[in-house]
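Listed below, chain by chain, are the residues.
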Amino acid sequence: MNMLERFFRVIGSNTINRVWRLGFAARFFIALLAHSGETFRRPRLLLRELYASGVLSLIIILVSGLFVGLVLGLQGYDTLQRYGSSEALGILVALSLVRELGPVVAGLLFASRAGSSITAEVGLMKATEQLTAMDMMAVNPLARIIAPRFWGGVLSMPVLAALFTAAGIFGGWLIGVVFIGVDEGAFWAQMQANVNFVDDVCNGIIKSIVFGVAVSLIAVFEGFDAVPTAEGVSRAITRTVVTSALAILALDFVLTSFMFRGL
Amino acid sequence: MNRKVMDLWVGIFVVIGFAAVLFLALKVSNFSASSFATTYEVTAKFDNIGGLKVRGPVKSAGVVVGRVSAIRFDPQTYEAHVVLKIDSQYQFPRDTFASILTSGLLGEQYIGLDAGGDETMIPAGGTIAKTQSAIVLEKLISQFLFNKASEGKKDARAE
Amino acid sequence: MTFPYVEISGLDFAYGDRQILSGINMQLPKGKLTAIMGGSGCGKTTLLRLIGGQIKPCRGSLKVAGQEVARLSERDLYDMRRRTGMLFQFGALFTDLTVFDNVAFPLREHTKLPESAIRDLVLLKLEAVGLRGAAQLMPAELSGGMARRVALARSVALDPELILFDEPFTGLDPISLSIIATLIRRLTDALGATSVMVTHDVHESLAVVDYVYFMSAGRVVGSGSPEEIKVSSDPYVYQFVHAQPDGPVHFHYQAPTLDEQLLAGALK
Numbered sequence: 001m002n003m004l005e006r007f008f009r010v011i012g013s014n015t016i017n018r019v020w021r022l023g024f025a026a027r028f029f030i031a032l033l034a035h036s037g038e039t040f041r042r043p044r045l046l047l048r049e050l051y052a053s054g055v056l057s058l059i060i061i062l063v064s065g066l067f068v069g070l071v072l073g074l075q076g077y078d079t080l081q082r083y084g085s086s087e088a089l090g091i092l093v094a095l096s097l098v099r100e101l102g103p104v105v106a107g108l109l110f111a112s113r114a115g116s117s118i119t120a121e122v123g124l125m126k127a128t129e130q131l132t133a134m135d136m137m138a139v140n141p142l143a144r145i146i147a148p149r150f151w152g153g154v155l156s157m158p159v160l161a162a163l164f165t166a167a168g169i170f171g172g173w174l175i176g177v178v179f180i181g182v183d184e185g186a187f188w189a190q191m192q193a194n195v196n197f198v199d200d201v202c203n204g205i206i207k208s209i210v211f212g213v214a215v216s217l218i219a220v221f222e223g224f225d226a227v228p229t230a231e232g233v234s235r236a237i238t239r240t241v242v243t244s245a246l247a248i249l250a251l252d253f254v255l256t257s258f259m260f261r262g263l
Numbered sequence: 001m002n003r004k005v006m007d008l009w010v011g012i013f014v015v016i017g018f019a020a021v022l023f024l025a026l027k028v029s030n031f032s033a034s035s036f037a038t039t040y041e042v043t044a045k046f047d048n049i050g051g052l053k054v055r056g057p058v059k060s061a062g063v064v065v066g067r068v069s070a071i072r073f074d075p076q077t078y079e080a081h082v083v084l085k086i087d088s089q090y091q092f093p094r095d096t097f098a099s100i101l102t103s104g105l106l107g108e109q110y111i112g113l114d115a116g117g118d119e120t121m122i123p124a125g126g127t128i129a130k131t132q133s134a135i136v137l138e139k140l141i142s143q144f145l146f147n148k149a150s151e152g153k154k155d156a157r158a159e
Numbered sequence: 001m002t003f004p005y006v007e008i009s010g011l012d013f014a015y016g017d018r019q020i021l022s023g024i025n026m027q028l029p030k031g032k033l034t035a036i037m038g039g040s041g042c043g044k045t046t047l048l049r050l051i052g053g054q055i056k057p058c059r060g061s062l063k064v065a066g067q068e069v070a071r072l073s074e075r076d077l078y079d080m081r082r083r084t085g086m087l088f089q090f091g092a093l094f095t096d097l098t099v100f101d102n103v104a105f106p107l108r109e110h111t112k113l114p115e116s117a118i119r120d121l122v123l124l125k126l127e128a129v130g131l132r133g134a135a136q137l138m139p140a141e142l143s144g145g146m147a148r149r150v151a152l153a154r155s156v157a158l159d160p161e162l163i164l165f166d167e168p169f170t171g172l173d174p175i176s177l178s179i180i181a182t183l184i185r186r187l188t189d190a191l192g193a194t195s196v197m198v199t200h201d202v203h204e205s206l207a208v209v210d211y212v213y214f215m216s217a218g219r220v221v222g223s224g225s226p227e228e229i230k231v232s233s234d235p236y237v238y239q240f241v242h243a244q245p246d247g248p249v250h251f252h253y254q255a256p257t258l259d260e261q262l263l264a265g266a267l268k
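Chains as they are written, first to last, in our numbering: chain A, 1 to 263; chain B, 1 to 159; chain C, 1 to 268.
The set of hints was computed from the structure by calculation and includes no laboratory data. This structure is a prediction, so every number in the text was calculated from the model and none was measured. Here a beta-carbon is modelled for each residue, glycine too, at the ideal position from N, C-alpha and C. Any given hint could turn out to be false.
Said to hold, decoys possible - Listed below are several chain A residues computed to face chain C (Cβ distance under 10 Å; list not exhaustive):
1. Leu-124
2. Glu-129
3. Met-134
4. Asp-135
5. Met-136
6. Met-137
7. Asn-140
8. Val-198
9. Asp-199
Turn these sequences into a full structure, and let the hints guide you.
Have a look at this one:
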């Protein structure tokens, strides 16, 4: 009876802690939005964050996109040519990337590279009392440090997802048309006929914006809420990557079921 | 971090991002100039639209001349009302035939327009009078089986 | 006794069910340097945070310049903070800015002075702490003592009325120690500011401060001028000033007697 009671108590307290933390995160998000005015009034702040989150993630995004496209091309051709439909390779590569792989994989990579870096920066600033010092100097750290990083991430994410998708399609073309020898005309023509701008491309962009908001929010929150020690910061970084990954995959399911119902 | 270098790289980042979106829009998807072309609406009534979907193509002689913009059900006549948006540069005579066809054997369904010989053209907001509903595969198969069955009975009685 | 700039009466603070401060009464006079001393965990840093308005007391009153800090709106609190300088334990310099930009930060944020005026002011502040030549270095390139001096320059950038020092002597070598102590004294006098120093460094503090409050386990256990403290016979104060290992603050952590514990093991 004692073990059972303890078991339920642990679950209960864990759930209460998580719900409390979720509430805290929600209030944090609202405060962040309320203090976002300065980010847009001082473009220097935003520019620095666009560089840190966007530009510095370029290499990993482009290279990964290329490789995903190459693999899609290879695997896709292998399966399609069994049914004599190798000309549909363009459609397969494009739709997979535009609808799903582009936003999702780019989101996961963004969380690991830019998200963890944001959490590390903010967490470290908290641990070395820089955030408190700024607060004591009557400068709101939410407005100066947190909000620019959030918006930098939100604005970088769709750009990175589009670049990932474009690199992937290039990779698919490279493998399919250049190396394997699928007909170039059929590759592009079938793709263009079957990829709808509004349904597929725009929905993909909407997905990447939603993922951008989720990952950036998680990253700044974990950094801001980190225990101010070295161990606390490293645990916060791990939490950012894990929580972001789960959030992206869950949101992807929700968005896909709304967007691609009956299409 | 040198400000000028940072500005340069962010600028490059934004430009190639924009280029990627443009690439996706133009080369990858069917976002063509005609999406913004002027169109006029025409209605067609069908008994059965089969698998026709909104935004499906409207083709004449195999060339895309418009899109399906809405599919509605008429509770009075129990028919399907399909609203087509046809590119303004194409006019069709009043006795045009609108039928629901399938691309390939099992592909997506579209509306095919067979132009007639009438001299007056269908006005904007007009209706296509002559329509042919979609061929539902199950009905075709059951018809085929029924025919086969009655043939078999005829042969049996003939013997 | 000059007019108190900071008045604390009946102050209580608890974190959850842990009582951190109970019944604190203090008057910190204007223009004077006061030290708050005590062992680790006595609540002195919490008290400093309460004065700065970072946390709110559970009970009691804390007034700075006649205003009740806990009841200030965010705007008024930020107004008060613009007239306050704070020196953090390890400096808390912004690691992505140079020494110059760190000291210029409060000036750029809160004044509309042109860059040329800011440049002059920053160089003067750095000159006061002896680090004008280090203006273009990054915080990572500074030694602990230098970083703290830069932080000191930053905390007085706006010529504050109230300066708070959180353990300014921790981890410094003897030379830097005496430099910081001298600078704290000199700046307090030059600005006519009210300075509050939280520390457990007895020797350096008693040499420069005007008044001392002693704390232990969340209460004030003694107070007086440095001379009074040095000759005090209060057990807490005595143990602290003469650095004795045992006294009211026990050497042994709470445990059963040694005989009991050894015997308990032997009987098994």
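Numbers of unmet hints, in rising order: The structure breaks hints 8 and 9; every other hint is satisfied.
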